[in-house]
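Same order as they appear, the protein sequences are chains L and R.
Residues in the first sequence are numbered consecutively from 1, following our numbering.
Residues in the second sequence are numbered consecutively from 1001, following our numbering.
Check before you lean on any hint, since a few could be wrong.
[What the hints assert, rightly or not] A few chain L residues facing chain R, derived, Cβ under 7 Å: (1) 17; (2) 25; (3) 123; (4) 125; (5) 258.
[As the list claims (entries may be wrong)] Here are some of the chain R residues that sit facing chain L, going by a computed Cβ distance under 10 Å: (6) 1195; (7) 1316; (8) 1319; (9) 1322; (10) 1323.
Everything labelled a hint here was simulated from the structure, so no lab data went into it.
Beta carbons are placed, not taken as given, at the ideal position from N, Cα and C, and that holds for glycine.
Here's the letter readout for the chains.
Protein chains: 2
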Amino acid sequence: MSSGLSHSDITTMFLALGTLLGSARVLGELARRFNQPAVLGEIIAGILLGPTVLGRVVPDIPATLFAKTGAVATFMQGFSTVAVALFLLVAGLEVDLGRVWRQGRSAITVSLSGIVVPFAIGILCGWFAPTAMGREPGADPLIFALFFATALAISALPVIAKTLMDLGLFRTDLGMIVIASAIFEDLVGWIIFATILSMMGSGAHSLPVGYTVLLTLSFAAAMLTVARRFLNWVLPWIQAFLSWPGGVLGFVATIALFCAAFTEWIGVHAIFGTFMAGVALGDSPHLRERTRATLEQFVAFIFAPIFFASIGTRVDFVANFDAMLVVTVLAVACIGKIVGCGLGARWSGNSRREAAAIGIAMNARGAMEIILGLLALQHGVIRERMFVALVVMALVTSIMSGPLIQKVLRRKRSRHLAEHLARVEVLDSANPTEAIRTLSRSLATHAGLSPALVEGAVLERERMMPTGLEGGVAVPHAPIPGLAAPFIAVGIAKHGVDFGAVDGQPSRLLFLVLTPAEDPEAQLEILADIAKTFGQQGISEKALEIRSLTEFLALTRADAGMTREAV
Amino acid sequence: MSSGLSHSDITTMFLALGTLLGSARVLGELARRFNQPAVLGEIIAGILLGPTVLGRVVPDIPATLFAKTGAVATFMQGFSTVAVALFLLVAGLEVDLGRVWRQGRSAITVSLSGIVVPFAIGILCGWFAPTAMGREPGADPLIFALFFATALAISALPVIAKTLMDLGLFRTDLGMIVIASAIFEDLVGWIIFATILSMMGSGAHSLPVGYTVLLTLSFAAAMLTVARRFLNWVLPWIQAFLSWPGGVLGFVATIALFCAAFTEWIGVHAIFGTFMAGVALGDSPHLRERTRATLEQFVAFIFAPIFFASIGTRVDFVANFDAMLVVTVLAVACIGKIVGCGLGARWSGNSRREAAAIGIAMNARGAMEIILGLLALQHGVIRERMFVALVVMALVTSIMSGPLIQKVLRRKRSRHLAEHLARVEVLDSANPTEAIRTLSRSLATHAGLSPALVEGAVLERERMMPTGLEGGVAVPHAPIPGLAAPFIAVGIAKHGVDFGAVDGQPSRLLFLVLTPAEDPEAQLEILADIAKTFGQQGISEKALEIRSLTEFLALTRADAGMTREAV
């Protein structure tokens, strides 16, 4: 009916969506392979596809696919807005208000100090040294200083949570303090930013500033109290009387869309509405894990990659790269946040080392900073070069957070089976020595070691104490001096091999584990991971049918995923 | 950057999405409550919100929310196109090619005859009686006849599958023939329609017709052979080496988007590309149920309701209601399909009664017909009054299919616990007679029966043989002459009551089941449903903490959902 999008527009639209999603996912996976947040790869995908790289080689392709005006551009703008609104809904769902209260004093000290210190530094720098901080001529000094302060004070819950999980710190006291502080900072940061947005006004329809601030605070307060209770009361009713999971999914999305419309209407951005809807809904124990997972997966793996990749296509990251500004913003941001949160952590009784780790963890900005920067860019508060500086700052703080915490706490990422699995062999023999020989030769060839040396070391260890576990799994292993990294081979023994398991069962799934002799923890972690993954008889049964490394990895990955979700 | 959508446009956009989704879900649920397909409610929601109803009362609201021109309209057009493309992806995922082959001769006879007969009738009527069939003056006679024939020949897999499941016929031979035929018809129907679309051309960029037809057929053939094999080969690799489930979700969506762009480019609609992508991907045993479920749930409960509701807002269903045309289209459609499929079923050796049931089942049109009609409307093949007639035909055939099959096969919908549960009581006594008395009184009051009569009948039945099942569940029950429908009360007995279960356990969850004495099957079905749902000890444990009917229903619904998905 509406003739907005022509036939060729629709072709372009699907091509643009497919290109953004496909390349964002590929580079997002690559980033994860190097233990970096996926958002890093997603934005790089956009930079490669946009004016920065592809545009320099064949300017026509990005100019057509990611045009800045026209019907497709209008659609992409709307789609990105919906995508980022849903991303904030999911981020809100992750907020656990109870956790903020349980960590009580520590969390509040860390987060207040983590907001106040960078905010104060931001205001001072933005007000007294505006040129160095990248204020454009003609920009409102107060709004710029407030924006700059907020940009320094905001944190990024998803990146922080992911880093702590990777380091095995998520469920520790330190991890809980960091998460609770980040939640609190996210809430406060977005409320401040909502206020700034309202101060800027946005066209003819906007309400008076005071009115907007009042409505924003009332909305936030209502969502955290009355609405939260109401949603918690109505959710079981929806699960009882509407179809499942359609009833809940539709309900959550509807609430989020109406909140988005409301906050957009009062003059702050739609994402504030979905974020608060997420917080209010996510707090209900009646929202099942399964509903949450469906929303999170669809948004995190389809909407979010498209949104973040599209950011990279908007700006020329080379032409707008101002090295001086990038370094300044990065330095001021790191100092403000690490010092602010670190001081807060010291005041609430943490050791010097822990306080440093908390400060560094809170320093990660990630996706939230980029969304904030994009809004400021769209509203004319900043220009391209400041946007580029903020994106670089967000990415660098996210990337350095994990390795730095490891260094400060002298902690290593825990090692997993799947990362070091190198070979799969089907074994015919029922003799343990022969099984070890076959696996040793296979793995020694792969790792460039002497087969005789490996075999000897494993057999010697096996003689000291047999390595059969319960449930048909055995883990012959040996530390090898000078090995660079762990190496693992899997043997599938249909007929079973006697590895002296306590349950008297023959072992049918044999893991030959070689670890660096200098890293005894690696051995412990990998053996624990094997015992955990293959403790369930069901998985071993499926594993016995497998013939290739790819199939084996597919099995362990998919099942690990299943288990994590069910928690 | 792009100034396509203003601040107030974005408010309107979220408001429109929220209104469409919310009302579509509510009316979709209502439709299901009356055992009708959800799409019926979703379209009615749009009709209520659009020019037909709300527009007559307050014309400004639909005119603003669902404007036909402007930036918001462009966005909504793009969003609807993406939504329906994803809906067809999910429909394609449901197609099981193996099933088509396994049902062999029967399915091919039924579906070919079910396509050829209505198609021939459509061509004849559309060519020789075009005015009665609603051809507009000036429309191309051949294209109209071909479109009309396709509209009569197409079927709707999702509605048909749902109807068969509701009637417990899905896994029977009859059900398999119907499903296999519907799959085959869907494939052929969409290829024919793609050809028609290419014949119409669509603007300056379109390819020559012969070229488009050739590319369409090559694309379909390639997706069913080479691409299917390739995807099946690459999926385990993706599950092994990419994150789970993000890797697979992103991959499936990317493939679908590129196929959409390709088919749109060659001159047929994007939905043909996503449908074929779904067929090729869905056929792989490596695509896990969990990935499929995440996609299906998000699309079926968020994208699809928005799309179908938006259809209702496009046309004034009262002003364009041409009663004569509606009746004609409906009659020709029903005759063509029921006779065509019925004859095919007779030829392949089914009884007269079964052949009639197969014909009626295949007659349901549902969502597919509506999408076809919308495309024809957008391409100017038909006008509003024909579109309204097609929508009414699609809805009426879907609505009447279930009840008619029940009548022909003298079959009833199987009865479930959740539908007839009327009361929840917490029991203090450990005495079976007292427990039965409490539950009998509660339920008799609710059903308007004499408490003494109910209690007597249940106790007498209990004396004949105790009704304790394994796992702490008991099902005291009695047939009651003249009862209109089954009534069930649940008693939660913390301390346990001895109902003589074979495992010697006291019963802690008591179901008092009253069924019409004239309907012995109702009793069997409900008792089987209880045994199935509460066979797992886990659920009973959770059930013991429950204090209200709402909580109890929420538990059984959510867990039933979990179980169905895991299959």
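Do the hints match the structure? See the list:
1. 17: Check passed: Cβ of residue 17 of chain L comes within 5 Å of chain R, closer than 7 Å.
2. 25: holds, 4 Å
3. 123: violated, 27 Å
4. 125: Interface hint status for residue 125 of chain L: violated (27 Å vs cutoff 7 Å).
5. 258: holds, 4 Å
6. 1195: Hint violated; residue 1195 of chain R Cβ to chain L Cβ min 16 Å, cut 10 Å.
7. 1316: Hint violated; residue 1316 of chain R Cβ to chain L Cβ min 12 Å, cut 10 Å.
8. 1319: violated, 15 Å
9. 1322: violated, 19 Å
10. 1323: Since chain L brings no Cβ nearer than about 24 Å to residue 1323 of chain R, farther than 10 Å, the hint is violated.
Hint compliance for this structure: hints 3, 4, 6, 7, 8, 9, 10 are broken, all remaining hints hold.
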